[in-house]
Amino acid sequence: MIYRVISEVTMVVHFLVIAYIGLGGFLAWRRPRLIWPHLLACAWGLVQLTGLVECPLTALENWARAHAGERGLLPGGFIDTYIEGVVYPEAYITLVRLVVVAVVLASWAGFLLGRRRRARAAGV
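All letters in the sequence shown, in the order written, are residues 444 to 567 by my numbering.
To be clear, the hints were calculated from the coordinates, so they are not data collected in a lab.
Hints should not be assumed to be uniformly reliable.
Stated by the list, open to error - Distance ranges between label pairs, derived from CB positions:
hint, residue 1, residue 2, range
1, Arg474, Val543, 38 to 48 Å
2, Ala564, Pro518, 47 to 57 Å
3, Gly512, Ala564, 27 to 37 Å
4, Asp523, Arg560, 33 to 43 Å
5, Ile536, Arg560, 17 to 27 Å
6, Arg447, Leu555, 19 to 29 Å
7, Ile526, Val496, 30 to 40 Å
8, Val544, Val496, 33 to 43 Å
9, Trp479, Pro518, 11 to 21 Å
10, Val455, Trp479, 39 to 49 Å
11, Asp523, Ala562, 41 to 51 Å
12, Pro532, Ile445, 29 to 39 Å
13, Arg560, Val452, 37 to 47 Å
Just so it is clear, the structure is predicted and the values come from calculations on it, not from any experiment.
Beta carbons are placed, not taken as given, at the ideal position from N, Cα and C, and that holds for glycine.
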């Protein structure tokens, strides 16, 4: 039972991390200190896209599922299991990635513009 709970909690955390990678830059508009963790999360996301390093959340979920007697995630990991082919068709992976990059870059641009406005308003 505990292993099933661990795998489910890990899945939820994974969704939250992916949402943060996509949308965390917008949080930094209100809380500027959040831009640094967001930059790190995005860098980690890029590393994950290379496939050179296994995501620790994927490893944890696979471990918990194995101990719970369940099958692990698909070979492509979390995204292949829960998102690709479920949330959007597999054929659109490149388009989805480009949209995510555009959203992240827009959030960073908005962050920088807001920062510049605040600096001007403060007379710096």
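Cβ separation of Trp479 and Pro518, checked against the hinted range 11 to 21 Å: 33 Å, violated
Range hint compliance [Cβ, Asp523 to Arg560, 33 to 43 Å]: 41 Å, holds
Leu555 and Arg447 - C-beta distance against the hinted 19 to 29 Å: 44 Å, violated
Pairwise beta carbon distance, Gly512 to Ala564, judged against the given window 27 to 37 Å: 59 Å, violated
37 to 47 Å as the expected CB spacing between Val452 and Arg560, which holds or is violated: At roughly 40 Å between Cβ atoms, Val452 and Arg560 fall inside 37 to 47 Å, so the hint holds.
Ala564 paired with Pro518, Cβ distance criterion 47 to 57 Å: Between Ala564 and Pro518, where Cβ atoms are some 51 Å apart, the hint holds.
Distance restraint evaluation - Val544, Val496, Cβ atoms, bounds 33 to 43 Å: 20 Å, violated
Verdict for Val455, Trp479 (Cβ pair) under range 39 to 49 Å: 24 Å, violated
Consistency of beta-carbon spacing, Val496 to Ile526, with hint 30 to 40 Å: 19 Å, violated
Distance restraint evaluation - Pro532, Ile445, Cβ atoms, bounds 29 to 39 Å: 36 Å, holds
Outcome for the supplied range 17 to 27 Å, where the beta carbon pair is Ile536 and Arg560: 36 Å, violated
Range agreement (Cβ of Ala562 with Cβ of Asp523, hint 41 to 51 Å): With a Cβ separation near 43 Å, Asp523 and Ala562 satisfy 41 to 51 Å, so the hint holds.
Hint check: violations occur at hints 1, 3, 5, 6, 7, 8, 9 and 10; the rest are consistent with the structure.
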